[in-house]
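Participant: Okay, here's what each chain looks like letter by letter:
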Amino acid sequence: MSSSYRGNLAAWGLVVLSLVATGCAGTPGKVLPAAQVEAIRHNSRGVEEVRNGHLDEAVVEFSDALRLHSSIDNAPGAAVALVNISRASRLKGDTRSAREASGRAEALIAGAPGLAGEVFFEQAKVELAANDLSRAREFALRADKESPTAGAPSRKNLLALVSFRGGVLEEARRYAEKALEGSSGSDNERANSHRLLGEIALAGKEYADAGRHFAEALRYDKNIGAAVKIAEDLRGLSRAMEGKGELRTAIACQERAVNVRRSLADAASLYPELRRLAELLETGGEASRAAGIREELARPQKESGR
Amino acid sequence: MIMEEDPRFRHLKRKIAIFAVGALALIAFVVVLIGKENDLFTSKYNLRFTVPKGTGFTRGMPVKLSGFRIGRVSSIALNEAATVNIVLQIDKKYRQWIRRDSRARLLKEGLVGESIVEVSVGSAEQPVLGENEVIAFEKTRGLDELADDIAEKVKPVLIEVRDIIAYVNDPNGDIKQSLRNMHALSGNLEVTRRQADLLLLEARGDMGTLSVKMNKVLDDASVTMHKAGTTVDQLDRKLPALLEKTENALKHMEKIGGDVGEVTGRNLPKVTRMVESSQHALDSTNEVLDAVKGMWPISSRMKQPEEKLLVPGDSHE
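Taken in sequence, the protein lines are chains H and F.
The working numbering applies: residue 11 is where the first sequence begins, and numbers increase by one.
The working numbering applies: residue 2 is where the second sequence begins, and numbers increase by one.
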């Protein structure tokens with residue numbers, strides 16, 4: 011066998027081998043309809059928009075996804091789009107649209123059984139935003155029943171929140187502690203649990219426990235970088251410290267909360283923090299600093315002519 | 002003897018007798034006259050009535066009918082019921098006018114005259130009252146009762162008058178305030194009049210100045226109009242040439258537009274084909290990319306868009 015023949019044979023062998031490998035490794039996969047693929051793309055873009063805080067654009071993307079899924083009678087896809095529309099609308103403050111979308115999603119549960127837990131969860135959130143605690147509780151229980159393991163911490167936390175808003179503190183505490191059990195929860199939900207337990211402890215004037223829980227919530231929120239929740243944790247910590255009589259620490263925590271709110275450039279959430287800081291400073295005998303803050307609070311109202 | 006010798010004593014008994022008879026006749030005459038005057042010789046009859054109180058009645062009080070004296074009150078007596086029985090003695094010749102429906106009233110003649118009992122004339126169809134029959138008494142109101150009545154009626158009027166006067170006199174009331182305001186208004190009117198006078202004087206002066214200025218403005222306007230006329234003449238001369246040039250320019254533009262349209266028409270199919278070819282190339286590229294994405298090891302690195310991608314549900318937000 012000549013060397014050239016062996017070289018040709020090797021080359022042909024490599025070609026055959028690569029073709030076979032490609033053929034074996036290639037995954038023909040499920041071929042989705044073009045409309046569905048497009049719908050999935052819209053949905054993904056919508057989720058990205060929500061992550062970036064562009065809620066109006068997110069609703070548009072989710073609506074396009076819904077339209078496309080509905081055009082090919084894809085119930086699971088449509089249900090996902092409706093749940094996302096509901097969430098984005100609720101985050102915008104449009105409770106009416108959120109309720110409508112989540113109601114439509116509930117009608118599609120039969121065709122998308124795996125989404126029932128999410129749909130009920132979202133409906134509970136919508137009713138909570140609308141201050142209808144009884145309906146919120148009903149949907150939260152249904153969500154918890156639908157998915158006892160997957161997403162359990164968030165369901166339990168939601169039940170705890172509903173109970174807390176309804177004034178049933180012991181029940182709220184039980185649910186929040188249940189949410190902390192096990193390791194299935196995310197840092198986000200762990201933080202939520204601790205924050206809620208902190209609020210419950212504050213309501214029961216258990217300031218030491220409240221401080222501990224808010225500190226834990228703060229640790230988790232810093233890990234995930236949730237600025238709004240960090241501000242809330244700091245405010246809770248400030249209240250706990252004030253309850254314990256540690257006024258200096260309370261002022262320091264409140265100042266940090268104010269700084270976080272300032273960085274968010276959201277006047278609606280900044281002013282309550284400033285007001286609380288002014289009150290703490292007045293209690294602590296720092297009247298001049300408090301006056302400066304009161305002036306800052308009054309400035310936008312004067313400028314708007316109110 | 003003196004009586005026999007003095008002629009004055011002659012026939013003295015006769016003289017005394019004559020004097021006595023004459024005196025007796027005179028006395029009788031006077032008695033008859035007085036009797037006639039007091040109705041002693043007229044025949045009378047009695048009528049009676051009863052009153053609760055005898056105040057105002059006196060014995061001998063005249064009884065009059067139609068203002069004519071017809072009798073007198075002959076008796077005033079208290080009876081067992083503690084009321085007063087009055088008896089009137091009336092001349093019989095007046096009987097025919099005093100009937101059953103006649104009424105007796107106690108009156109005062111005039112405001113301060115004497116009190117009388119007046120009997121009213123009765124109707125002809127009623128029977129005449131006989132001796133000692135009862136005549137009906139009609140109570141009349143005395144002066145004090147009248148005065149009380151008038152006082153009762155006048156009292157509210159006086160109170161109202163007093164209130165009206167108080168209302169008018171009230172320094173904080175409407176009338177006084179209105180008067181004050183009118184006074185102030187009249188004062189202000191005077192001031193206003195003086196100011197109006199000043200204003201008129203100023204206006205007169207200003208009008209003079211204004212007319213001078215208006216004249217100047219009109220003169221300037223006249224100059225401007227003259228200039229405008231000159232300009233219009235110039236335009237009139239130059240406009241036709243300008244219009245002709247504009248028309249030529251428009252014709253050129255039309256020609257250019259036609260040329261562009263021709264060029265576009267010739268080349269558009271080529272552009273369309275170019276776009277179609279590009280689209281086709283893009284589609285082919287997408288197909289190739291899709292196929293490559295499905296190939297190992299690339300497919301294992303490619304993140305497939307998840308169909309059921311949800312916005313994360315946060316129990317807190």
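Check the hints yourself; a few may be wrong.
[To be verified] List time: in silico SDA-like cross-link candidates among lysine to any residue, alpha-carbon distance up to 25 Å: (1) F:LYS309 <-> H:ALA262; (2) F:LYS294 <-> H:LYS155; (3) H:LYS102 <-> F:LYS94; (4) F:LYS294 <-> H:LYS102; (5) F:LYS94 <-> F:LYS54; (6) F:LYS309 <-> H:LEU151; (7) H:LYS155 <-> F:GLY314.
[To be verified] Chain F residues, not near chain H, derived (Cβ > 12 Å throughout): (8) ILE77; (9) VAL192; (10) VAL213; (11) HIS317.
Because the hints were derived from the structure by calculation, they are not lab data.
Even glycine gets a Cβ: it sits at the ideal position worked out from N, Cα and C.
Participant: Which of the numbered hints are not met once you compare them with the structure shown?
Facilitator: 1, 2, 3, 4, 5 and 11
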